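K.L.:
Each chain is listed here by its residues.
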Amino acid sequence: MNLTLNETRIIRDHRMYRVILTAMSHPGSVFPVPELADTDAVTDLLGCLMDSETGFSVIGDHETARALSHRTSARQVSETEADFIIATRGSTRGALRSLKRGTLEYPDQSATVVYQVEALGYGDLSLTLTGPGVDGETELQLMGMDVNEFRQLRDVNAEYPLGIDALFLDRAGRVAAIPRSTQTGVI
Amino acid sequence: MRMSEWLTTHLEKNDDHRNLGYPFGFMDEGAKREIRRAVLKAVAIPGYQVPYGSREMPIARGWGTGGLQITLSLVTPEDVLKVIDQGCDDSVNAVNIKTFVAKVAGIPVTTDTVMASLIQTRHRIPEEPMSRDQILVLQVPYPEALREVEPSEAETRRMHAEADYARMWLYLYEDIVRFGEITISYRYPVTVNGRYIMDPSPIPRWDVPKLHRAETLFLFGAGREKRIYAVPPHTDVVPLEFEDHLFRVEDFSDKFCARCGATDTFLDEIIDSENGGRTYFCSDTGYCAKRSVS
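Going down the list, the protein sequences come from chains H and E.
Counting along the first sequence from 1, when you hit position 86 you're at 85 in numbering that gives the first Met the number 0, and nothing is skipped either side.
Counting along the second sequence from 1, when you hit position 224 you're at 223 in numbering that gives the first Met the number 0, and nothing is skipped either side.
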């Protein structure tokens, strides 16, 4: 195979998206992302979703904001307007309550939060999940996310179908998701 | 140039999407990203119709462009593709879409449901159960289940927002008063995840129970109407019914497929124009062919 750089990136975007979609349809299950570089993992991951049509806000590491702007041409906006919120240290520092949750007519016009955490699949925070995409009940363990952050996530998703969808990315390049349709509890 | 001509020329000349002058997946990246974002929201809000900017495709709107755009936005080089049209692998529309996607993504095709990782379909869900590793993309002509009772888009959006479905129930009730049963044969309305009433696309009643708590992700694309919606795996999909008028599927008792002998599949009725005799064949041709061989 002798692909151009652009072609390589396009195909990688397709593969990344497929993992994100699989994660979103199986809340709480952890999936490895192929070809994810160690340093720019979140930038690589969101390249398949973000472009100049989307607004984003980074909470935490400002280097990530620069990298995302450069890679995706997405606009940096305030947290309250952002389509994508990237919480580089597993916390939105209280901003979660002010993010877009959509309207009853258009619940899709809501934020997606990407939490960068230490680890998925093991850790000190254990969650139980039920709802669409989950066969009965499943468990998700995380390291690097505060239990209060998670409680806030549950609060902002109390008025379904309004809400915020969460993606998680760990240091080993694995993803998991908790869409708003999932009912969650802390063990 | 017509798509069929284009496909024929390029199929013979090249065996590689890179030489076609189109990128992997055909569409521009901006279009793919918009569709991907819409699909993710659709999965997060099962049964809710996400508006999106439907693009021009090399086939006319109304011929599967909604399904095609979803397929092209998520296909990977590892996929094995199956495309069916009313259960049939070999109809013109199915073959054109299949050849096109296979070409612009450089992926193999199959008629075997079990072998496929990605299936695009019009008006049927395959008979063989699908797994959690597969995705079914359904082409949708009319995404709005409430359109029969309310012509205004603004009003149906309000009805969905408030879960105000009284008129839909009234419509079904009046149907029973008039005809003694609910007469909807395809596009049978369902409630998804206890919240949204959804049009499952023009699948027969036979296929509706397959959506309920399935292993598979179902994605619905309406290209002309510019809507995307989804049913994730393990999601409650309940057909609208009354306690004394329960939902039921088509009755094929005493009938069987004249080709493979199946008594447990959705059958197409073929009427002999000479003598008026009726024979039945499996609508799912891939499954029928598999059974006929073994």
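Hints were generated in silico from the structure; no laboratory data involved.
Nothing here was measured: the structure is a model prediction, and the numbers come from that model.
Among the hints, a few may not be true.
What the hints assert, rightly or not - Just a sample of chain E residues kept apart from chain H, beta carbon distances all over 12 Å, derived: (1) Ile58; (2) Gly105; (3) Pro150; (4) Arg156.
Said to hold, decoys possible - Sample of chain E residues facing chain H (criterion: CB under 7 Å; computed from the structure): (5) Gly20; (6) Phe23; (7) Gly29; (8) Arg32; (9) Arg35; (10) Val42; (11) Ser151; (12) Thr155; (13) Met158; (14) Leu169; (15) Lys225; (16) Val237; (17) Pro238; (18) Thr278.
What the hints assert, rightly or not - Distance ranges between label pairs, derived from CB positions: (19) E/Arg258 to H/Gly184: 11 to 21 Å; (20) H/Glu80 to E/Arg166: 35 to 45 Å; (21) H/Arg65 to E/Phe246: 27 to 37 Å; (22) H/His61 to E/Pro76: 41 to 51 Å; (23) H/Val146 to E/Trp168: 35 to 45 Å; (24) H/Val185 to E/Ile58: 48 to 58 Å; (25) H/Val185 to E/Ala162: 49 to 59 Å; (26) H/Val146 to E/Ala162: 27 to 37 Å; (27) E/Pro76 to H/Tyr159: 32 to 42 Å.
Virtual Cβ for every residue (Gly too), placed ideally from N, Cα, C.
K.L.:
Would you mind marking each hint as holding or not holding in the structure?
P.N.:
Evaluation of the provided hints:
At the 12 Å boundary, the C-beta of E/Ile58 stays outside the reach of chain H, the nearest C-beta of that chain being 21 Å off. The claim that E/Gly105 is not at the interface with chain H is violated, since a C-beta of that chain comes within 12 Å of its own (minimum 10 Å). In this structure E/Pro150 is separated from chain H by more than 12 Å, as the shortest Cβ-Cβ distance comes to about 18 Å. With a least CB separation of 5 Å from chain H, E/Arg156 falls inside the 12 Å interface cut-off, contrary to its annotation.
A hinted interface residue such as E/Gly20 counts as satisfied when its beta carbon comes closer than 7 Å to some beta carbon of chain H; here the least separation is about 13 Å, so the hint is violated. About 5 Å separates the beta-carbon of E/Phe23 from the nearest beta-carbon of chain H, less than 7 Å, and the hint is met. The interface hint given for E/Gly29 holds, since its Cβ lies 6 Å from the closest Cβ of chain H, which is under the 7 Å cut-off. Restraint check, E/Arg32 versus chain H: the minimum CB separation of about 5 Å is within 7 Å; hint holds.
Given hint, E/Arg35 at the interface with chain H, holds; its Cβ is 5 Å from that chain's nearest Cβ, closer than 7 Å. Here the hint on E/Val42 is kept, as its CB sits about 5 Å from the closest CB of chain H, short of 7 Å. The interface hint given for E/Ser151 is violated, since its Cβ lies 13 Å from the closest Cβ of chain H, which is over the 7 Å cut-off. Against a cut-off of 7 Å between C-beta atoms, the interface hint on E/Thr155 is violated, since the closest Cβ of chain H lies about 10 Å away.
Given hint, E/Met158 at the interface with chain H, is violated; its Cβ is 10 Å from that chain's nearest Cβ, farther than 7 Å. Of the supplied interface hints, the one on E/Leu169 is violated, with its beta-carbon coming no nearer than about 22 Å to a beta-carbon of chain H, more than 7 Å. Hint on E/Lys225 is violated. Least Cβ distance to chain H is approximately 13 Å, over the 7 Å limit. For the restraint placing E/Val237 at the interface with chain H, the shortest Cβ-Cβ distance is roughly 13 Å, beyond the 7 Å limit, so the hint is violated.
With a least beta-carbon distance of about 17 Å to chain H, the hint placing E/Pro238 at the interface is violated under the 7 Å criterion. Interface restraint check for E/Thr278: the shortest CB-CB distance to chain H comes to about 40 Å, outside 7 Å, so the restraint is violated. Checked against the hint of 11 to 21 Å, the pair E/Arg258 and H/Gly184 fails, with Cβ atoms roughly 52 Å apart. About 36 Å separates the C-beta atoms of H/Glu80 and E/Arg166, a value consistent with the hinted range of 35 to 45 Å.
Look at H/Arg65 against E/Phe246: about 55 Å separates their beta carbons, and that is not inside 27 to 37 Å. At about 35 Å, the beta-carbon gap between H/His61 and E/Pro76 misses the expected band of 41 to 51 Å. Between H/Val146 and E/Trp168 the CB atoms are about 43 Å apart, so this pair conforms to the stated range of 35 to 45 Å. Between H/Val185 and E/Ile58 the CB atoms are about 50 Å apart, so this pair conforms to the stated range of 48 to 58 Å.
At about 29 Å, the beta-carbon gap between H/Val185 and E/Ala162 misses the expected band of 49 to 59 Å. Between H/Val146 and E/Ala162 the beta carbons are some 32 Å apart, a value that agrees with the proposed interval 27 to 37 Å. In this structure the supplied range 32 to 42 Å holds for E/Pro76 paired with H/Tyr159, their Cβ-Cβ distance being about 37 Å.
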